[in-house]
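Peer 1: One-letter residues, chain by chain:
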Amino acid sequence: MAEPIISVKNIYKNFGHIRALQDVTTDINPGEVVVACGPSGSGKSTFLRCINRLEEIDRGTIIVDGMDICDPHIKIHKIREEIGMVFQHFNLFPNKNVLENITLAQLVVRKRTFEESISIANKLLEKVGIFDKAAVYPSNLSGGQQQRVAIARALAMQPKIMLFDEPTSALDPEMIGEVLDVMKSLAREGMTMVVVTHEMGFAREVGDRVIFMDEGRIVEEGKPDDFFINPKTDRAKLFLSQIL
Amino acid sequence: MSNARTKRLTRITISAMTFSVLGILVALELAFGSVSHFLFAMVDGLKTVRFDVITTNIKYLLLGPPRRMGGIVLTLYLAGISLVLAFVVGLIFGLMRNSARAWIRYPAVAYIELIRGMPLIMVIFWFVFLLPKVFGYVIDDVYNVIIAFVCFSGAYMAEIVRAGILSIGKGQMEAARSTGLTRAQTMVYIILPQALKNMIPSFVNQFMSLTKDTSLAWFVGLFELTTVSSQVSNRVLVAPTEIFLFCAMVYFIICYSLSAASRWLETKLQAGAR
Ligand SMILES: Nc1ncnc2c1ncn2[C@@H]1O[C@H](COP(=O)(O)OP(=O)(O)O)[C@@H](O)[C@H]1O
Ligand SMILES: [Mg+2]
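Going down the list, the protein sequences come from chains A and B.
Quick note: the first sequence uses this note's numbering, first residue 1, plus one each step.
Quick note: the second sequence uses this note's numbering, first residue 245, plus one each step.
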């Protein structure tokens, strides 16, 4: 058994009196694709955001790639360089064109040369299938294209882990496929991924494990086929009956 | 309230107001004959307009007294220097105001709230009369006044900067930081370029106020446009209307140029990043 690349132990997170995460524990191995699902407000986003410390946890430990991310001495941007994140609403930089979106962090954080950054960006644009849009501003792209640029932007830092927070739920139905295809190929290349999504097809095709969350807890875990066909808990059954 | 009803109410209000004004004018005319008197006086006045006072005194209005800066040139100098420095001060304090650290934020809050609660003329008096006495320094009043303008306008600019930064969604900061940028780098590369663009109209507003407020330097005896205008008026005696109309026109032209420049800048930036 390999050493887990993400190790989450007994974490708690409150927002005022709202308990967003309660006693969440899980290990994620290198190359594993974990799909998190659950009702709205169950803490899925908070869970992801704690992993790259966009939120600070109240209690517990999170070890990412051997680094304790709650250690106040650790430079948090060192951890974030290892973890790419893709958001529901893309969050591309509207004042920068596609190429600049992808090269900015390479230049500023990784201190790559201009030529190197651009060649990496171009390779990634080809990979996500929008090679011809390098000079375009995000507002002139479709939602699906924007999300693929966002994936390329995260990949440009060559992270070991990718976090996806409902990457397709802001997209028109006809664009979901193109984004999922990129994510699937990423999964097949062996990227460690934590994906919040309700796309069952994606989960069953490339997911290694499903985490079902409710009220800030992991209520059920299992292989995607088992979970979707044969959920054990009543809450998971109820949830699946609602999203189908 | 429905839209149609709002529109009807507006229409009724406007007609009611028009009728009452007309009614009052008619009543005044019937009672005192004062309306027609006023109109005749105005036409009479126009016949005697003498804009030659402007042309004969143009050098003084433009440059002020010899051997020191004055007139329109001083007004432009006061406005220009204060504007640039106030922008810098506003940027610094606006960023401090948004800081997560209390010991950085609170001094900025104190400065902004204190200054915004004061009339500008008070601030000018402090810097011209009070502070040089208290701290025992002597500098040209032009600089005292500039410091006052910068302090005053900087506080308003800081609030513009703060609001501009807040108007950029949290998602931008999160996206940038998730790629490893620090908070400061995100500010410089992502947030400020977007925010400053949105702030242009508010900045120009503030610049215009500042330009017109330079006329308050009259109170402390600087020879800027308003002061030299009143000097010329006192010397000539017969043409205050012409002289102060000219004075107003100069302020208007300066302000209008600022607003035209800002519109040009906005469309230019719009073309760039859209
Ligand atoms: N920044 C925040 N401030 C206050 N409450 C929050 C914040 N973020 C999330 N929450 C609350 O925490 C709970 C979990 O939210 P979230 O993790 O976004 O759920 P999910 O992504 O599963 O829909 C919700 O009740 C939500 O209202
Ligand atoms: Mg969410």
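Since the hints were made in silico from the structure, they are not lab data.
One or more hints might be untrue.
As the list claims (entries may be wrong) - Okay, derived cross-link-like pairs now, DSS-like style, lysine-lysine, Cα gap no bigger than 27 Å in a straight line:
| # | chain 1 | residue 1 | chain 2 | residue 2 |
| --- | --- | --- | --- | --- |
| 1 | B | 414 | B | 441 |
| 2 | A | 133 | A | 123 |
| 3 | B | 512 | A | 111 |
| 4 | B | 251 | A | 133 |
| 5 | A | 96 | B | 251 |
| 6 | A | 223 | A | 237 |
| 7 | A | 75 | A | 9 |
| 8 | A | 75 | B | 377 |
| 9 | A | 78 | A | 96 |
| 10 | B | 414 | A | 160 |
| 11 | A | 96 | A | 9 |
| 12 | B | 414 | A | 133 |
| 13 | A | 133 | B | 441 |
| 14 | A | 123 | A | 111 |
| 15 | A | 123 | A | 184 |
| 16 | A | 223 | A | 160 |
| 17 | A | 78 | B | 414 |
| 18 | A | 96 | B | 291 |
| 19 | A | 96 | B | 414 |
Please read these numbers as outputs of a predicted model, since none were measured by experiment.
Peer 1: Now tell me if each hint is right for this structure.
Peer 2: Evaluated hints:
Of the pairs offered as hints, the one joining residue 414(B) and residue 441(B) holds, with about 17 Å between alpha carbons and a cut-off of 27 Å not exceeded. A distance of roughly 13 Å separates the Cα atoms of residue 133(A) and residue 123(A); the hinted pair therefore holds under the 27 Å criterion. The straight-line distance between the Cα atoms of residue 512(B) and residue 111(A) is roughly 31 Å, outside the 27 Å bound, and the hint therefore fails. Using a Cα cut-off of 27 Å, the hinted pair residue 251(B) and residue 133(A) is violated, with the two alpha carbons roughly 47 Å apart.
Taking the CA atoms of residue 96(A) and residue 251(B), the gap is near 43 Å; set against the 27 Å cutoff, the hint is violated. Between residue 223(A) and residue 237(A) the alpha-carbon distance is near 15 Å, which keeps this suggested pair within the 27 Å criterion. Between the alpha carbons of residue 75(A) and residue 9(A) the distance comes to roughly 21 Å, so the proposed pair stays at or under 27 Å and holds. A C-alpha spacing of about 50 Å is found between residue 75(A) and residue 377(B), which places the hinted pair above 27 Å, so the restraint is violated.
Taken as a hint, the residue 78(A) and residue 96(A) pair is honoured in the structure, with Cα atoms around 24 Å apart against an allowance of 27 Å. Of the pairs offered as hints, the one joining residue 414(B) and residue 160(A) holds, with about 25 Å between alpha carbons and a cut-off of 27 Å not exceeded. Proposed proximity of residue 96(A) and residue 9(A) is contradicted: the alpha carbons are some 39 Å apart, above 27 Å. Distance hint between residue 414(B) and residue 133(A) is fulfilled; the C-alpha atoms sit about 26 Å from each other, no more than 27 Å.
In summary, the hint linking residue 133(A) to residue 441(B) is supported, as the alpha carbons are separated by about 25 Å, within the 27 Å threshold. For the hint linking residue 123(A) to residue 111(A), the alpha-carbon distance of about 18 Å falls within 27 Å, and the restraint holds. Between residue 123(A) and residue 184(A) the CA atoms are separated by roughly 18 Å; this keeps the pair inside 27 Å, and the hint holds. The suggested pairing of residue 223(A) with residue 160(A) holds, with an alpha-carbon distance near 23 Å, which does not exceed 27 Å.
Simply put, residue 78(A) and residue 414(B) have alpha-carbon atoms about 21 Å apart, close enough for the 27 Å limit, and the pair holds. Only pairs whose Cα atoms come within 27 Å are accepted, and residue 96(A) paired with residue 291(B) is rejected, the gap being roughly 60 Å. At most 27 Å may separate the alpha-carbon atoms for a hinted pair to count; residue 96(A) and residue 414(B) meet this at roughly 17 Å.
Checked against the numbered hints given earlier, the structure breaks hints 3, 4, 5, 8, 11, 18 and satisfies all the rest.
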